[in-house]
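S.K.: Heads up: the sequence lines are chains P and A, in that order.
118 is the number that numbering that gives the first Met the number 0 gives to position 119 of the first sequence; each next residue is one higher, with no gaps.
91 is the number that numbering that gives the first Met the number 0 gives to position 92 of the second sequence; each next residue is one higher, with no gaps.
Watch out, some of these pointers could steer you wrong.
As the list claims (entries may be wrong) - Listed next, the stretches of chain A that the computed footprint assigns to chain P, with coverage defined by at least 3 CB atoms under 8 Å from CB atoms of chain P: (1) 7-15; (2) 29-39; (3) 43-50.
Because the hints were derived from the structure by calculation, they are not lab data.
As the structure is a computational prediction, the values presented were derived from the model and not from experiment.
Heads up, the beta-carbon is just placed ideally off N, CA and C, and yes, glycines get one too.
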Amino acid sequence: MYQTSMYEGMLAETIAIPGFQGDLINAYFARPLGPGPFPGIVVVHHMPGWDEWYREATRKFAHHGYAALSPNLYFRAGHGSPEDVAAKVRAAGGVSDEQVLGDLAGAQHYLRALSFSNGKVGVFGSCSGGRHAFLAACRVPGFDAAVDCWGGRVVMAPDEVTPKQPVAPIDYTEDLSCPLLGLFGEEDQNPAPAQVARLEQELKAHGKTYAFHMYPKAGHGFFYYDRRNYRQEQAVDGWKKLFVFLETYLGASTPLSPAAE
Amino acid sequence: MCTMIVTQVNIDGSGKGANGWFKLREANVSYDHPFDAPMEHALNIDFVNEALGPGARVAVELSVEAARTLVAAIGAVLERAEAGGYLEQSPPAAADTGGL
Numbered sequence: 000m001y002q003t004s005m006y007e008g009m010l011a012e013t014i015a016i017p018g019f020q021g022d023l024i025n026a027y028f029a030r031p032l033g034p035g036p037f038p039g040i041v042v043v044h045h046m047p048g049w050d051e052w053y054r055e056a057t058r059k060f061a062h063h064g065y066a067a068l069s070p071n072l073y074f075r076a077g078h079g080s081p082e083d084v085a086a087k088v089r090a091a092g093g094v095s096d097e098q099v100l101g102d103l104a105g106a107q108h109y110l111r112a113l114s115f116s117n118g119k120v121g122v123f124g125s126c127s128g129g130r131h132a133f134l135a136a137c138r139v140p141g142f143d144a145a146v147d148c149w150g151g152r153v154v155m156a157p158d159e160v161t162p163k164q165p166v167a168p169i170d171y172t173e174d175l176s177c178p179l180l181g182l183f184g185e186e187d188q189n190p191a192p193a194q195v196a197r198l199e200q201e202l203k204a205h206g207k208t209y210a211f212h213m214y215p216k217a218g219h220g221f222f223y224y225d226r227r228n229y230r231q232e233q234a235v236d237g238w239k240k241l242f243v244f245l246e247t248y249l250g251a252s253t254p255l256s257p258a259a260e
Numbered sequence: 000m001c002t003m004i005v006t007q008v009n010i011d012g013s014g015k016g017a018n019g020w021f022k023l024r025e026a027n028v029s030y031d032h033p034f035d036a037p038m039e040h041a042l043n044i045d046f047v048n049e050a051l052g053p054g055a056r057v058a059v060e061l062s063v064e065a066a067r068t069l070v071a072a073i074g075a076v077l078e079r080a081e082a083g084g085y086l087e088q089s090p091p092a093a094a095d096t097g098g099l
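Chain A with its partners taken away, still in its complex shape (with noise of 0.2 Å):
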């Protein structure tokens, strides 16, 4: 296998699964083997709320390529959003972890 290279981090938000939409608790970033992408290590990122199951899980997985120019691209939006006095505090930590 099987890089075993993972992070998760506390995010808040929401996904579209294939329940249709959920709030977003976790993002695990992993460096490892892919489910669909053809490659044999990609960058996956699975948003997820880990109190509602498995099944709750918006995937990604992406070449190294696709993902530093993901990072790059969110990074730059952040960017223009704060100079234009755009960007918004997050929400405080909602107490449900159910669908919305």
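Chain P extracted, bound-state conformation (with noise of 0.2 Å):
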């Protein structure tokens, strides 16, 4: 637990790293000072871009003693405002899956190589982010836990597939390679109640290890302090439970932990 006297440090900052098919892409990285050994979480953005709440994000987890790395998904689509690049990538109905995975398969392998890692790294996201994220538990090798925060289109009608997201997430379910966490809203259309449920029993049918929480009064994005949807007290205990889940299946990385907010 942080205790007052205790020295804290952190860097934050953009870097290049390799992505999908070796392009250069670049990416916010926030990570405690000092040797570690810290653990790593590849930090997804949501559909509304690379924007100031993610730069928080990822410090917060760099707070929270993870080295924390988080991918411009949109680095293709050009430069401009976060808000001018994002709705680009709207216009062009996203980003592809197999892009996307392989630039979260660059994130985690730059955050492995790491002198200072302890060797685990998770992957964290919410919106679009959380359904990246189950799927790159999934389908890229070598996650150690996953955070899916109201990830929607998980569950995909058949008329919901397209070329650049040819499959729905939840038919890898199967290969899921790690432990998943689920945060999810009670009044959220995408993804409804039902779908949570639908691929809780998925989760379930193939023995996998997860935790799903379900809360009350709140729907599609309720950590964003910076939007109507936000929810204080269901934000305060999704994100307590969050690095408890963390410190179980990545390591607990002193002198910072979940207790010290």
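Once you've looked at the hints, go ahead and assemble the two chains, each given alone in its own frame, into the complex.
M.R.: Structure (structure tokens):
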């Protein structure tokens, strides 16, 4: 547990990493100062883009003792404000699952290769990033824990399948290779509680290790303090559950811990 | 997320963005998460010129009711203009894609 007498420091900066097909993409990297060893976490931004909230979230993970890396999944769309770039990607029907998985694999490899890594790397995402986190945990070998926050379109109707998203992630559940934490709101329409229940059923059928929490009086994106859907009580509890989960499967990184806040 | 419900149409016209007026070439119409409007999903229209980069964009985010009202209003205004004999032919597409 953090004590006020402890030294605390963090380095946060934009770096370049190899992503899908070896493309260099930029990424936001935040890590605690000190020798480590630190667990790693890949932070997968949401559909509204590689925005300020995701920078803050990346630093939050570093504050809690993780080497956190958030790749810019929209790098290839060009540069501008996060909103303008995200709008361009939205107009193009999103980014392809294959490309995203390549970028997330690159981020994982980067974290694992760090001299101060403890050898464990997780993946976190919300909204489309939650979907991507689940998909990565199924399709990219090597993740040790995954957190899916209200990822929609994990369960997809046949008419929702596109060339960029050719397979519903739920169909890969059998391949899930690490423990999964899911945080959802019962007022969310996408994923609706029935879709979450369907995914849970599939996880059970395949004997996977998972923990789902369905929050009452919460909808989509209840962590986002800058959005109308923010729910303070549920968000605080969700973050606590998230850090307990990560500490369990990625290892605690002293001196910081979730109990510090 | 994220409905991924989107369509793009080619358009002619001008839009005023953060850096002034620019030629519009495309309109991207989606029903998905807005960036600013206080709703989970909105009818979003991005008037853009892709050749000029992501920043060449004029954005609106509308409620469903507002979007339907706007569609009706556009149709009604065009009908009145047509009835009055005011409708102009669209100018031929310009070769350049730069600002005005």
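S.K.: Check each numbered hint against the structure and report the violated ones by number, ascending.
M.R.: 1
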